[in-house]
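J.: Chains as they are written, first to last, in my numbering: chain X, 1 to 168; chain D, 169 to 336; chain V, 337 to 1184.
Bear in mind the hints are in silico, worked out from the structure with no lab data behind them.
It should be emphasised that the depicted structure is a prediction, and the values quoted were computed from it without experimental measurement.
Keep in mind that the hints are not guaranteed to be accurate.
[Unchecked claim] Label-pair ranges, simulated between beta-carbon atoms:
#1 K825/V - E9/X: 38 to 48 Å
#2 P233/D - A451/V: 32 to 42 Å
#3 I1078/V - F67/X: 16 to 26 Å
#4 D902/V - Q45/X: 49 to 59 Å
#5 G364/V - E23/X: 44 to 54 Å
#6 P196/D - L670/V: 55 to 65 Å
#7 E388/V - F67/X: 15 to 25 Å
[Unchecked claim] BS3-like cross-link-like pairs, simulated, lysine-lysine; straight-line CA separation at most 25 Å:
#8 K1065/V - K1034/V
#9 K503/V - K24/X
#10 K503/V - K44/X
#11 K1065/V - K659/V
#12 K1182/V - K319/D
Ideal placement from N, C-alpha and C gives every residue a C-beta, glycine not left out.
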Amino acid sequence: MTALQDKHEKEIKHILAKYPTDEKRSAVMPLLYIAQRKAGYVTKQDMLEIAELLSISTTEVASIVGFYTLYHDKSGGKYRIQVCNDLPCALRGSGQFLEELCENLGVQVGETSSDGILSVEAVMCLAACDKAPMFQVQSHSDISYHENQTVESALQTIEKWRAEETDK
Amino acid sequence: MLRPGALMRGMWTTFKSMFEKPVTVMYPQVKRPVSKRFKGRHELKRYDNGLEKCIGCALCAAACPADAIFVEASENTDEQRYSPGERYASTYEINFLRCIYCGFCEDACPTEAIVLGDNYELSYTNRSEAIYTREMLLVPVHPSAAPTPQKVAPGTFDRPIPEMEDPD
Amino acid sequence: MSELVKNEAAQNMVTLTIDDHTMSVPEGTLVVDAARSIGLDIPVFCYHPKMEPVGMCRMCLVEIGTPMRDRTTSEPILEDDGSPKIQFFPNLMTGCTFRASEGMVVRGYTEKVTAARKEVLEFLLTSHPLDCPTCDKGGECPLQNLTMQFGDGESRFIYDEKMHSAKHVALGDLIFLDRERCIQCARCTRFQDEIVDDQVIGFSNRGRALEIVTFSDPGFDSYWSGNTTDICPVGALTTADFRFGARPWEMNASASICNHCAVGCNLTFNTRREVKSGGEKIIKRVMPRQNEAVNEIWICDKGRFAYHFTASDQRLNQPLIRKDGKLVPSSWELALDLVTSRFKNAGENLVTLAGGRLSNEDLFNLAELSAHLGGDALLYSDMAGGDLVSRLGVGEGTNFSDMGPETAILVVACNLEEEAPLWWLRIKQAAERGAKVIVANPRKTKLDRSAIHNLRYEYGQEAGLVTALLSAISPKQPKSPAFVNKLAKDKEVKAAAKALSEAENTVILFGSEGTSYAASAALAQACANLLIASGHIGRPNNGLIGVWDKGNAQGAWDMGLRPSEDLDAALKTSQAVYISAADPAGDSKQYASALKKADFVVVQELYMTATAELADVVLPAQAFTEREGTYTSGERRVQRFYPAVPSLPDLLPDFGITAEIAGRLGLELEKTAPASVMLQIAEVVPDYAELTYQKLAKVEKQFPLIGREDVYYGGTSYQNSQGLGVQLKPAAQNGDSPVLVITELPEVKLSGEELLAVPVTRLLDLGNTVTPSEVLVTRLAKPHVALHPQDAEKLGVEWGSKVKLILNGSTQTVLVEFDNSMPHGVVLVPRSLGIPIISPTPATIKVL
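Here chain X stands alone, though its shape is the one from the complex:
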């Protein structure tokens, strides 16, 4: 048994039961979700264990983590702000939005603020091209969309979270 399996034995069993035994690999997404729940990112060890559990290669697990914007292989802030800057969004000014947002927050793209509350990432399409500039936020295993944003409106929302966090 592995560390991950030890901790979430029941849950993992439940997930694996949903898939045929020779297609265990299908369980990779929910298992990654479990692995990510606690620290907010998937460690290399977790990837190794999931690969072993599902009889696939670690590289394949890592590829999946790498592909999806909702999985992370590095630690980040409590609020991960993900700004889409694919072409349609860029045409609606998401590039400048991201740049100014980072300037105001004092955080570089792909980095975490010094208080550990925020990190800002540029990601691929989030399927809200018509409402760009937009961003999605991952926090406390919640995901929310914030569309038709300006830097001011984004900063307001972010300040709110900051306040909530400091209150805690």
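We have chain X already, so just place chains D and V on it with the hints.
T.: Chains D and V only, in chain X's frame:
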């Protein structure tokens, strides 16, 4: 039958030329300047910082119609750096008995490292002397710069082929 | 496409028109393949004829149209002139994913298509660093070639805005990745996934940020990694071995054959004279050479990287004679005269011992010399059955690529990917086409993934298992040991036996996992019995294949050499021993002491091996890269290799040295031209009759078409222009009708406390010809043994810990690995790691 008048005319021509400006120079004490586009012995150029321009790509050897150039490449390290890119010429030889001074090598060079110079004073006492090695072809290091190989800080040079201008 | 074209008769043919050329191709042929088959090139990057199309790179965009049909009557609509009206797709289609259909019209060179190609190339080059002058692929690069041919020459993107990423990422120790050069075609990841089933590299992230990653330990942990550098259409993947080695156009190419295992992969050696090697011409890299019946266009990493031995400075370069207990340099004359006089004295007490990496010509001359004196010509091998393979081997015309649902393949006592990697690959692919693969091995092997039946047995029972299969087919068996009867009742064994006997074609491969010579003999005979009983002999795609330990072991059997059942005794009692290309003293202390007892030992070698250290005369020989010759593969395909580099001065080929000795003994043998030796072989060895070097050098058109002129298809593998070789007919195909021979089955007994140490094979071992390749150092197996985790727990040893292994009277410190698929009470000892193991032996493990 030789006419005396003709003989005298010849003698006069000779006598007259004693007072004309000579067309020859006293080589080797006196040397004529060569034309701007003269193609003499090759030189391997350096950047101002002393690093060699040659990246050992052997395109000069490929372009050479006389098969006079032989190049062998090796990899630079930050401990022993010869050129700014990843690769340098560890062997560079031109056989001047073969060279026809066409300048194709100069045209082929992507870094302007091999240049045909002004030197036409090439003489050898045996055939192997006609093969010029890398050390003989390289121009002297600028007094303010360090000779190659240089020891540089890691990450100073990370481009495969440096820009055409001097890197710094 | 190969199958499609070959089976034209069996397929529905469709007629299509590509750029005004009308052609017939089997239904389902991809448009790019159809075009290629008549010499029209539709450029591709991501498409590779050996892999499923994905249509990722968009380079193959063409206009495609199909005949219009009336919607109500489904009658074809005709133009005014009576020709069918063609409706073109509104957008350009990818030729690599579109399959030919009746009446299809393809336009590959219209303005629209040409413009699209320009744009695709411009787009692919937006982030490409254009560092062709320093790129190892420069000169044989599809991106370079296609840009020159189809590109615009100018880009609307700004050079200074190119994205920069890491340029020197080590994917393991063998392969470097340049992230800037990658065009994301996924050929490499698809190769690792689809073709060799090692998903150790993958894509991470998306869009511009997409990159190739490896998370295996060690990085890019695959025996096939070198092939990705061949098929990479840019310089993103290059080998550490060839890094900045030479420009492709500067090198010469010589055809050769790999002699590391019995597959006989076709190779091309790229050579160049270089200053770094003291002005010598040396091999700079090894590339695969296409032979669709042997290695297709692939080679394993051992074949690709373990070639440095020929240029090693440890090579012997002059004869040595023992004087006052020391080996001192001597002239050839002196050494040969001494050898001759001692051989003459020894007469029939001369023992000739040859290794399986010698060529047929060398082995023939050795056998002739030995016969002349009346001595024994022995093959240094622990495997038996070469005589059976020459009688019941696979029929002429056998090709794993032709095997499908009608074929059953039994692989017994063999870890195939370790023992003969290419056969593993081709059998895996046969399984994907529907061939019924049955794997019988005491532990899990990679081929198990492709098998429909996995049969397990205890080490030592391999012949028993095959006999059990036989008795399941024909119940009239003489009395068998109890374990055979028990195995025969096993459900899985019964099912496997059924599959084997019912299949139209059956091929059996036997290896050397855990076998001694005696066990190997019993196994080979049992396999032969099974084939005879089920009638699977004497036809193409039927018969027996030996997964030999050395490249030309089959050739040695064919030349009349035989392994000795008791080599120890043979060496001890001899008056003179003539050893060529074998290192018995290095493999076993027992042999070393036997050699010390022998009166006179002559060793013909490349290096100062442990055996050469014991010799009275050491004769240096040319490496196979320095001369011509032929090898016979396990499938009994005789193939020619050519000289790639000049010989060290003053050295002779092995057959030449033997001929020199023979000449002094009054036997005329050919000493200079291997082609003449082959003519003699053809006279003496019936199976080789009519074989000539000319025949071996014949080539024919192979599918898929790959080639150096248009590197964008198959990658940088070489096309075959110097010979596909000739597959020999086994005796069974010439009318020989063999009968069952029932042999006694060997059994191994152990005392209580001991473990049974069994020899197994690792691909990257510490053999004499492997270790000089420094690039492989980190990948070579360290001296280790494998235990079942439960046995290890009992002994109190952990994974990776060091233990003392007491075996055959010698003690050695080795690392421990676990294998939970292996039987209990057994310790697996890989061969050629410096641990003396020849046959299954009791052993003790002590914790340090």
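J.: Against each hint, give a clear statement of whether it holds in the structure.
T.: Verification of the hints:
no.: 1; hint: K825/V - E9/X: 38 to 48 Å; verdict: holds, 39 Å
no.: 2; hint: P233/D - A451/V: 32 to 42 Å; verdict: holds, 37 Å
no.: 3; hint: I1078/V - F67/X: 16 to 26 Å; verdict: violated, 59 Å
no.: 4; hint: D902/V - Q45/X: 49 to 59 Å; verdict: holds, 53 Å
no.: 5; hint: G364/V - E23/X: 44 to 54 Å; verdict: violated, 28 Å
no.: 6; hint: P196/D - L670/V: 55 to 65 Å; verdict: holds, 59 Å
no.: 7; hint: E388/V - F67/X: 15 to 25 Å; verdict: holds, 20 Å
no.: 8; hint: K1065/V - K1034/V; verdict: holds, 18 Å
no.: 9; hint: K503/V - K24/X; verdict: violated, 36 Å
no.: 10; hint: K503/V - K44/X; verdict: holds, 24 Å
no.: 11; hint: K1065/V - K659/V; verdict: violated, 49 Å
no.: 12; hint: K1182/V - K319/D; verdict: violated, 50 Å
Taken one by one, the earlier hints fail for this structure at numbers 3, 5, 9, 11, 12, listed in ascending order.
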